[in-house]
Amino acid sequence: MKRGFLNSSKAYPKGKAVANGKDDKKKAENDSDAPAYFNVAEQSKEIGGLKRGSVSVEGYESIAPQTQINAADRNDYGALDWIMSTQPSRGVEDKLADHPDNWTECFITGGAKRKILETPGFPEPLPRPTQPDCFRVVDLPGKGRGVVATKDIKWGDLVLAERALVIHPAGFPSLGTAVPAHFTDTQRQQALMMDVEKIMDILVKRMSEENQKAFKDLWNCHTEDGSGPLFGISRTNGFGIEDFYEPVRPGLPERANRYSGVFNILSRLNHSCQPNVEIHWDSPTFAMTLRASRDIKAGDELCVTYISDLLSPTASRQRDLRSYGFQCTCGRCSNASISDARSEEFREINKPKAMMVEGGSLKSLREQHVDPMIRAIELLEQEGLTSILEYGTMLSRMSQASASILGDKRSEQKYKKMYETFRLVTRSARNAMIKKLEEEDRKHYEMMQEMTRTMSMAGSRNASGNDRGQVVGFS
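Each residue of the sequence shown is one higher than the one before, counting from 1 in the UniProt record's numbering.
Certain hints may be false.
Stated by the list, open to error - Result set (EDC-like, lysine to aspartate or glutamate): computed pairs, CA atoms no more than 20 angstroms apart in a straight line:
1. K435 - E254
2. K417 - D295
3. K436 - E390
4. K154 - E420
5. K414 - E381
6. K409 - E420
7. K154 - E301
8. K216 - D201
9. K198 - D81
10. K435 - E420
11. K154 - D133
12. K143 - D217
13. K414 - E378
14. K436 - E420
15. K213 - E197
16. K414 - D371
17. K95 - E197
18. K435 - E446
19. K351 - D320
20. K416 - E438
21. K416 - E381
Keep in mind the hints are simulated off the structure, nothing from the lab. Values in this document were obtained by computation on a predicted structure and should not be read as measured data.
Full structure from sequences and hints, please.
In C-alpha cells:
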C-alpha cells in the first residue's frame, strides 16, 4: 500500500467546517478564484522541494476553529460537516491502560462518522499476531528508527494490528478564514498549511499523553517547506485509509477524497522497493493490519513500500521517493540495470497476447502460455515483488493452467496454495477498496476459467499435430 498522500485541497465541497461539532462561520474571500487543489506531495518530489521554505503571508490571520463538546453518540451532523471525533469512543477520564487496543482522534465528516458507526461489528477487538513479540523498533544506521523481526515469520503471518493515533483527510479542507485577494497561489497554499496546523494542534491535544508523545516522536522530513511541525509529521508518516471515502469532487483527483492515518509503530516502517510486509485497513476493528508478504528471517528489517508502481524503472521510483527525503538503497535500486531488465522482461510477458487455440498442440500451448507464466513468477520472486497484484494473477493463472493444460494435480495444488496465501496477505482485510478488488478478482477468475477451458479443449484436439489455430481471446 502507498503512503497516505497529504495533498491540500483549497476549494472543498459546500459542507461546514466543524470542529467538535460547532461551525466556523468565517468565509474565505475570493473562493471562486482560489485554486481547487494544491498538490504538495508532487511539489515535494521536485529537486529541492523539501527545502522550499515558507513564504510571507503578511495580512493573513490563521484562526483556530471554534469548538464545543458534544455527546460521543451524536450522529445527526450534515454529511459534509467537518467534526472531530474519538473512535472507538471512550470515557473522558479513561486511560490507555483501560483500552489496550487504543483509540483514534479523527477529523472527519459527519457522513464518514455514520459509515464508521454503521460498519458491521464495529468496534471489534484487535486480532492477535500469529506469533507474539515477533518484532521490535530499533535504531538503524543511516535510517533512523525501523522495525526488525525478532523471530522467523512465515508468509501470510499476521505481524500486527494497530489503531491510528490520528486520522484526517488526505486533502484538507479550508477552515474558511479570509484570504487576502492579492495573495499568490504560493501564499494561499502557505495560508492553508497554517490552517491545517491549527487543526492538527487540536487533534494532538485531544490525545492521551502517551499518544501525544508517540506522535511527536515520529520523524518529520517536512521541516523546511512551510509545513508546520505537526502537519509535517503527518505528511511524513501517513498511510492511506482504504474506506470511508468522501464524494468525488469535480476537478480534484480521486485520492483527494480519502483519509490518511498516522500510527505509533506502523509509521516507523521504512520503505523498500522489495517490501516483505503488506498493510491494509480493516474497518470492523478500525485498525491497520500488517502481514508478511514472504518468509522473513529473524533480524531482517520489516519494510513496506511508499510508492504505488513497483514495476516502474528505478529512476522513476527514486523520483517518487524524493518527497520523503531519502534515496532508496534496496537490492533493486542498488542493482538498477539488472532490476530494470527483469521488470521490463516481466512487462513484456504480461502484455495481452492473442491465444491461438483451435487445433493447437499441447507443446505449443505450453510454450506459448505456461512457460512464460513460470518465467514471470520467477522474475517477480527474484525482484522481491510477491505482494503486487501481478504476482497473484500469475499464481492464479498457473493453478488453472496446471489443471486444464498440463493435467498436473500436484502443480495445480502448489500454485493454488500459494495463491490462497497471497490472498490472505492482500485480501483478508475488510474495507471498501478490497470489496471493489474482490469483484474485479471474481470477474477475472471467471474470464480465466473460460479461457483455460478453451485451451484445454484445444489441447485434446492435437492428434493432427497442426499448430495453426484461431484467435479466440487474450491472456
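Okay, the hints, checked on the actual structure:
1. K435 - E254: The given pair, whose Cα atoms are some 17 angstroms apart, holds under the 20 angstroms limit.
2. K417 - D295: Satisfied, since the Cα-Cα distance of roughly 15 angstroms is no more than 20 angstroms.
3. K436 - E390: The hint holds at about 17 angstroms.
4. K154 - E420: holds (14 angstroms)
5. K414 - E381: holds (15 angstroms)
6. K409 - E420: holds (16 angstroms)
7. K154 - E301: With a Cα-Cα distance of about 14 angstroms, the restraint between K154 and E301 holds, given a limit of 20 angstroms.
8. K216 - D201: The given pair, whose Cα atoms are some 11 angstroms apart, holds under the 20 angstroms limit.
9. K198 - D81: At roughly 18 angstroms apart (the allowed maximum being 20 angstroms), D81 and K198 satisfy the hint.
10. K435 - E420: holds (17 angstroms)
11. K154 - D133: It holds: about 14 angstroms lies between the C-alpha atoms, which stays within 20 angstroms.
12. K143 - D217: holds (15 angstroms)
13. K414 - E378: holds (15 angstroms)
14. K436 - E420: holds (18 angstroms)
15. K213 - E197: Roughly 17 angstroms separates the two Cα atoms, so the pair holds.
16. K414 - D371: holds (16 angstroms)
17. K95 - E197: violated (26 angstroms)
18. K435 - E446: Within the cut-off at roughly 17 angstroms; holds.
19. K351 - D320: Roughly 25 angstroms separates the two Cα atoms, so the pair is violated.
20. K416 - E438: Holds, at about 17 angstroms.
21. K416 - E381: holds (17 angstroms)
Checked against the numbered hints given earlier, this structure breaks hints 17 and 19; the rest are met.
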